[in-house]
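Enquirer: All chains should be built: construct the whole structure from the sequences, respecting the hints.
There are 2 protein chains.
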Amino acid sequence: VTLNWRHWIERTESRICLFIIDGLGGFPQDGQTELEAASPGFLNSLAPRASVGLLYPVAPGWIPGSVLGHLSLFGYPPDEFPVRRGPAEVLGAGGDILPGDLAIRANFCTFSDQGIIMDRRAGRIPSQESHALIAWLQQNISMVDKVQVIFLPGREHRFSIIMRGSELRGPLGDTDPGVVGKPLQFPRPLSEGAFKASKVVQNLNLRINGLLRSEPRANGVAFRGIDNAPDIPSFERRYLTPAAGVASYPVYRGIARLLGMKAKQVAASPDAYAEAARSFSPEIAFVYCHWKETDTAGEDGDFGQKVEEIRKVDAVVSAVHEALKPDVLVVTGDHSTPCYSRGHSFHPVPLLICAKNAIPSGVAGFTEREAAHGNLGVLQGADLLALAFAHAGKLRKAEL
Amino acid sequence: VTLNWRHWIERTESRICLFIIDGLGGFPQDGQTELEAASPGFLNSLAPRASVGLLYPVAPGWIPGSVLGHLSLFGYPPDEFPVRRGPAEVLGAGGDILPGDLAIRANFCTFSDQGIIMDRRAGRIPSQESHALIAWLQQNISMVDKVQVIFLPGREHRFSIIMRGSELRGPLGDTDPGVVGKPLQFPRPLSEGAFKASKVVQNLNLRINGLLRSEPRANGVAFRGIDNAPDIPSFERRYLTPAAGVASYPVYRGIARLLGMKAKQVAASPDAYAEAARSFSPEIAFVYCHWKETDTAGEDGDFGQKVEEIRKVDAVVSAVHEALKPDVLVVTGDHSTPCYSRGHSFHPVPLLICAKNAIPSGVAGFTEREAAHGNLGVLQGADLLALAFAHAGKLRKAEL
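Protein chains in written order, with this note's numbering: chain A, 66 to 465; chain B, 66 to 465.
Simulated from the structure, these hints should not be mistaken for lab results.
Where is the CB? At the ideal position from N, CA and C, for every residue including glycine.
Check each hint, because a few of them may be wrong.
So the derived label-pair ranges between C-beta atoms look like this [unchecked claim]: (1) W70/A - P248/B: 46 to 56 Å; (2) T361/A - D296/B: 42 to 52 Å; (3) R253/A - P242/B: 53 to 63 Å; (4) G369/A - K421/B: 20 to 30 Å; (5) R189/A - N69/B: 30 to 40 Å; (6) K261/B - E145/A: 35 to 45 Å; (7) K421/B - T361/A: 19 to 29 Å.
Calculated lysine to aspartate or glutamate pairs in the EDC-like style (CA-CA distance at most 20 Å, straight line) [stated by the list, open to error]: (8) K421/B - E364/A; (9) K462/B - E301/A; (10) K390/B - E340/B; (11) K329/B - E358/B; (12) K462/B - E145/A; (13) K462/B - D144/A.
Expert: The structure is reproduced here in structure tokens:
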């Protein structure tokens, strides 16, 4: 028997709100980090009376992608639950994944005449344009190798695909080489049963690219994160706690759905988040909120924009807090995205746990440097929900 | 599949220098630790702009021996890679260990007429004297029980032995009882195949001690860390990163060779270390440096000498840093050796990571107490290379 803190969970009415600010942590430029420059009023006011620390979303050194980082924060370690991006995207786009379905995340790309990828985002074509292309692809491709093909539109260059009806088995390697200057890759079977799927998926990719050949920018597509629905216990089953999620961005809603949560996709505003939070019935004892735009600004390397987005999300956290009045509010990130590095980084993220029984940290604000001197120390993803549940009084005394 | 941060390593040209100061951590006497009293100028100047924390080289409570502590820092956990001292000593002395060879670390000792060990270091006899004894032993013993015996001189009372040619299997227990006042022990077989080796090794120890019987001080020897070459992946294979080492003291060169590193043994001076560091070709992306004398001073309980040695190594780190200009400089210890306790201790060691993308700690200096308030928190050996590789940009985003 391996004992885990989950063994001592009990159902209570207390409510936890976990607010994940995507790419929260930053790096000092001209002496200040993005958080230090933003000086978010609500979060800074919580910090001294909250318990505060730093969090490695997975473990020291890891640079988590979105899905992997979130699952680690939710206590689903990546070695035990290797969830790929495709299923999260399909669920986020509102699709369902039946047993035997393959789920694919796809990007419109720009290819050279020689079949080399020149732009992995097809110039970030507008959503309107990509939706029209998706509709046209769906008209022309409904089956490949006797497998049904369902296209799901996404934002800008992003979309997703369900392949249904022939017990295809994943996972498969990406056809997206991950960098420009290379051709599409063969979707390698990554399990013994995946040989058939790899041929069908390649045929689909080639057929789409044949149809798109004469498009000016989006003259091909590339696939990522190809897999069946993951075999993963729901959040409610794992933690005996009904849960729901709010996000403005599809894939994060998809992550919530992967864990069996009710999930709302709403506009990126304080009111929309507060209304969604208020709408959950009282038995929802765990509310997950996700804010995307901080990460986007960090990936663009736009310091001023990230500062702005931190101030925006500060108002959103405040509105959700006011609407939900949770017993425990946890605020953290799924990884750092310093403007300095224009991408996800390994740096730990600040963590704040606000609750009646949280020992006050006394720190001056919610920043990377203040959090390093907080009273929670430096934690790892697997510790997060244990502390959230403990502060919520959802854990019994551990006795055998 | 178990996922590990090593899964995301990529080969890059960036360079890491890991400088291990043996027995770095100390304990306050008259209010100051050895590091506080030494106030090393270069390390103190790095500390505020570096990321700083405390490190348990293995885990809390462990008092690591040299080989075990180093392997843990290099990310080879002792339960997975049980490496004994003999092989490290033989490799450090310039010997090679072939398949079927047994490697032994040996000490000249002083025995009473009743065969009781009175001094486990034979009064720290000078190297010149012990080398003469080694040459004489080699003349008189070339074979034992049809097994070839190769003596390798070391420093002072220390030497090592290779037993070759008969597929001997280790590991064996030590003949050295580890304390004075006891006789030699039988070298117990520690694996099923090691019965034959235990008899041969005992015969060798008895034969040597018979030959030395009339020596005034070094009238016998005792064996430790008896084993075959460990089955251990090279550093380059484990981390996809060519590596090399610099040390002034044989066994630390031996540890580098165990891990398949090129390894130089040089004089204990800033110039010698800098020259060795400069001599490595550009593809060597990981340079390990080891400084011994801080530990020796701590074991002697000589506070003033340890302060002096900390100042010396400060100049060496500075010279190596100037010579290599590494992208990431990591400075830490393999364990603490407080003068107060005259031996290795369990206390965590200060850790400093200096890199462009290291979040500045703002601490006042490189001391045990400042490090406790650093921004890296309290880490364990297994975290060290993950953070070093992350700071060096040698890790990809973790996505499935």
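Enquirer: Sort out whether E340/B lies within 20 Å of K390/B, counting only the CA atoms.
Expert: 13 Å, holds
Enquirer: Please test the hint of 42 to 52 Å on the beta carbon pair from T361/A and D296/B.
Expert: 48 Å, holds
Enquirer: Need the status of pair K462/B, D144/A: alpha-carbon distance at most 20 Å?
Expert: The hint holds at about 15 Å.
Enquirer: Tell me if the straight-line CA distance from K329/B to E358/B falls inside 20 Å.
Expert: 17 Å, holds
Enquirer: Verify the CB-CB distance for R189/A and N69/B against the hinted window 30 to 40 Å.
Expert: About 35 Å separates the Cβ atoms of R189/A and N69/B, which means 30 to 40 Å holds.
Enquirer: So if I understand the rule, the pair passes when the alpha-carbon distance is 20 Å or less; does K421/B with E364/A pass?
Expert: The given pair, whose Cα atoms are some 18 Å apart, holds under the 20 Å limit.
Enquirer: Go ahead and decide if the range 35 to 45 Å is satisfied by the Cβ distance of K261/B to E145/A.
Expert: 44 Å, holds
Enquirer: Does the beta carbon distance between K421/B and T361/A stay inside 19 to 29 Å, or does it fall outside?
Expert: Check passed, 24 Å falls within 19 to 29 Å.
Enquirer: Okay, G369/A versus K421/B on CB: inside 20 to 30 Å?
Expert: 22 Å, holds
Enquirer: Return holds or violated for the Cβ distance of W70/A and P248/B against the range 46 to 56 Å.
Expert: 51 Å, holds
Enquirer: Check the hint pairing K462/B with E145/A against an upper bound of 20 Å on the C-alpha distance.
Expert: 18 Å, holds
Enquirer: What's the verdict on K462/B and E301/A, does the C-alpha distance respect the 20 Å limit or exceed it?
Expert: 29 Å, violated
Hint 9 from the earlier list is the only one contradicted by this structure; the remaining hints agree with it.
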